[in-house]
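Each chain is listed here by its residues.
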Amino acid sequence: MNAPAAGTNSLRNQPDERGHFGAFGGRYVAETLMPLILELEREYARAKADPAFAAQFDDLLEHYVGRPSPLYFAPRLTGELGGAQVWFKRDELNHTGAHKINNCVGQILLAMRMGKTRIIAETGAGQHGVATATVCARFGLPCVVYMGATDVERQQPNVFRMKLLGAEVVPVTSGAATLKDAMNEALRDWVAHVHDTFYIIGTAAGPHPYPELVRDFQSVIGKEARAQMLARTGRLPDLLVAAIGGGSNAIGLFHPFLDDPVRMLGVEAAGHGLDKQHAASLAGGRPGILHGNKTYLLQDEDGQITEAHSISAGLDYPGIGPEHAWLKEIGRVEYTSATDTEALAAFQLLCRTEGIIPALEPSHAIAAVRRIAPTMGKDQIILANLCGRGDKDIFTVAKALGAEL
Amino acid sequence: MSRLASAFAKPHPALVTFVTAGDGDTAAILDALVAGGADVIELGMPFTDPMADGPAIQAANLRALGAGTTTADIFRIAAGFRARHATPLVLMGYANPMLARGSDWFAQQCAKAGVDGVICVDIPPEEDGDLGPALRARGIALIRLATPTSDAARLPAILEGSSGFLYYVSVAGITGKQQAVQASIEEAVARLKAATALPVAVGFGVRHPEQAAAIARVADGVVVGSALVELVAQHGAEAAGPVRALTAALAQAVHRARAHA
Chain A
-13 MNAPAAGTNS
-3 LRNQPDERGH
7 FGAFGGRYVA
17 ETLMPLILEL
27 EREYARAKAD
37 PAFAAQFDDL
47 LEHYVGRPSP
57 LYFAPRLTGE
67 LGGAQVWFKR
77 DELNHTGAHK
87 INNCVGQILL
97 AMRMGKTRII
107 AETGAGQHGV
117 ATATVCARFG
127 LPCVVYMGAT
137 DVERQQPNVF
147 RMKLLGAEVV
157 PVTSGAATLK
167 DAMNEALRDW
177 VAHVHDTFYI
187 IGTAAGPHPY
197 PELVRDFQSV
207 IGKEARAQML
217 ARTGRLPDLL
227 VAAIGGGSNA
237 IGLFHPFLDD
247 PVRMLGVEAA
257 GHGLDKQHAA
267 SLAGGRPGIL
277 HGNKTYLLQD
287 EDGQITEAHS
297 ISAGLDYPGI
307 GPEHAWLKEI
317 GRVEYTSATD
327 TEALAAFQLL
337 CRTEGIIPAL
347 EPSHAIAAVR
357 RIAPTMGKDQ
367 IILANLCGRG
377 DKDIFTVAKA
387 LGAEL
Chain B
626 MSRLASAFAK
636 PHPALVTFVT
646 AGDGDTAAIL
656 DALVAGGADV
666 IELGMPFTDP
676 MADGPAIQAA
686 NLRALGAGTT
696 TADIFRIAAG
706 FRARHATPLV
716 LMGYANPMLA
726 RGSDWFAQQC
736 AKAGVDGVIC
746 VDIPPEEDGD
756 LGPALRARGI
766 ALIRLATPTS
776 DAARLPAILE
786 GSSGFLYYVS
796 VAGITGKQQA
806 VQASIEEAVA
816 RLKAATALPV
826 AVGFGVRHPE
836 QAAAIARVAD
846 GVVVGSALVE
856 LVAQHGAEAA
866 GPVRALTAAL
876 AQAVHRARAH
886 A
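Quick mapping for you: the protein sequence lines, in order, are chains A and B.
To convert, note that position 146 of the first sequence is 132 in the working numbering; the numbers rise steadily by one, no gaps.
Position in the second sequence (from 1) plus 625 gives the number in the working numbering.
Misleading hints may appear alongside valid ones.
Chain B is faced by these chain A residues, among others (derived, beta-carbon under 8 Å) [to be verified]:
(1) G12
(2) Y14
(3) M20
(4) V177
(5) G289
Restricting the straight-line Cα-Cα distance to at most 30 Å, the calculated cross-link-like pairs of lysine-lysine (DSSO-like) are [what the hints assert, rightly or not]:
(6) B:K802 / A:K102
(7) A:K209 / A:K385
(8) B:K737 / A:K149
(9) A:K149 / A:K209
(10) B:K635 / B:K737
(11) A:K314 / A:K385
Since the hints were made in silico from the structure, they are not lab data.
From the three backbone atoms N, C-alpha and C, an ideal C-beta is built for every residue, glycine too.
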């Protein structure tokens, strides 16, 4: 849906035909799943070439999700930081409150195209689970969401939302009972229900073709933002900023700009600090294989996966999408991180200066904007992705700030 | 003849047993498997994220890691076993621990420890550019999995570069859960044996001697894992005795399966 003509010298041509982004990506799955993965790849290629598929996707994004999302200049935040102009892509205004729904709409259309009658998904904070439950309700398909038991405890409002939407939420008690264990359990379900079940993966990771198709569905963010910025200012931004857990909102914003003279900055979650427990797999991890792809992972010297930590449950994952691993290696995108404390401060800053309560995930991007904007000229433009709204995080933030609700 | 080839050249079907390294007194448990009559032993390399395994082996992985088991420990266990026994030993596990120091390092350690084969659950033929060649260069078998979803179009890719034996995963699912229908196993084994000269061993969901015997009538080998791992969970440091008893019952059933047929 987004690829330039083959053979052009473009950074937007990845992955290769085997699903590799340079040394990363691929299809590291159990043999039982291989025929399905290959079938999904063939069907996605057909869907991409089918104008009716694109038309249905676009129609749902416009009338169900509420796209295009606004591009917003943040005047008081810009004034407070005293440097570059700060603009936001307002994907927090989407139906269900985050960018996750873009991908879920695309994947459920693909699932129905493939004749699948049952949907499964993993979720950490519950945003992807809610978005998946939403599209399942919209199309009348049964939905099972795997969620770490620890996350079920700390994200009760989203668990209730999913149930209201008709989904079955299965608490996962294996391993550390968080997002990566939920993904393990979803893979176990999939391998046991290969014929009728479609797995809607929530981020631009997993076995090929998931990183590609999730990116393509999320690229609506960057395509809209690029056109909106050109229409509003007559120019491209100087810097794009987005938070990264698995990296789907970031790759969705970045990808349409990859061939433009625009700097890009991905912001990982530094948790308690990079020398302590964190979720910054590019800064603190090394390449390995997990959940179907080769990418940067938090792991020990024996290749055992280590637990991530972030105040933001949506960034609390020990890996990252393979295209980000590649973009880091070739130096096209810069990556930095923000701690829990910095994200909390940025969260409050946006509330006070713009009247927008952001989710804790984009609060990490805002923290980076706060550091960088003052070092840039007033004629320069930063475009950050506000990928989710903060209603779901009120309890977490209250607790972190010592407030009683 | 390699140790693996010899095991499958015996006049009876082979009993293949699986236990997780570092779960309980592994050396004693391995000795019990040999004493009970196992023909091939799969030694599981524990991983934090065993996404193809059911609850029993997941728990064994966590117990092993919780006890501090490292990759170096696993190779020490393997080398110790090789010093005591001639039974073929196969390492089974996931890509990330195997490749953490590179394919060459891993293959070299396998060779040094007397490991005969490797089963890597999450490296399909499409991604096997490094591990397979590194193992083959040192004479170590790369054992691949065929599954109920491996159709005629898929099978050639699986067989290309696979050696030792072919492991038929008889159910689309995870380890230790449901059992496949005998008729479907017979059909699948016949199909696989028509496509390869490699011995075919059948596993996933095999727990009892009667089941094992039924499979042994048609297959070259029968794999039992979760039932043994559950004994280790139940008996802890005292697991060797019960493990030996179940292995002996399984071995008797498998070894005599065709005599009774």
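Here is how each hint holds up against the structure:
1. G12: Since the shortest Cβ distance to chain B is 5 Å, the answer is holds.
2. Y14: holds (5 Å)
3. M20: holds (5 Å)
4. V177: Since the shortest Cβ distance to chain B is 6 Å, the answer is holds.
5. G289: holds (3 Å)
6. B:K802 / A:K102: Judged against 30 Å, a Cα distance of about 24 Å means the pair holds.
7. A:K209 / A:K385: violated (37 Å)
8. B:K737 / A:K149: Answer violated: K737 of chain B to K149 of chain A is near 54 Å, above 30 Å.
9. A:K149 / A:K209: violated (33 Å)
10. B:K635 / B:K737: holds (26 Å)
11. A:K314 / A:K385: Given pair K314 of chain A, K385 of chain A is violated - Cα atoms ~35 Å apart, limit 30 Å.
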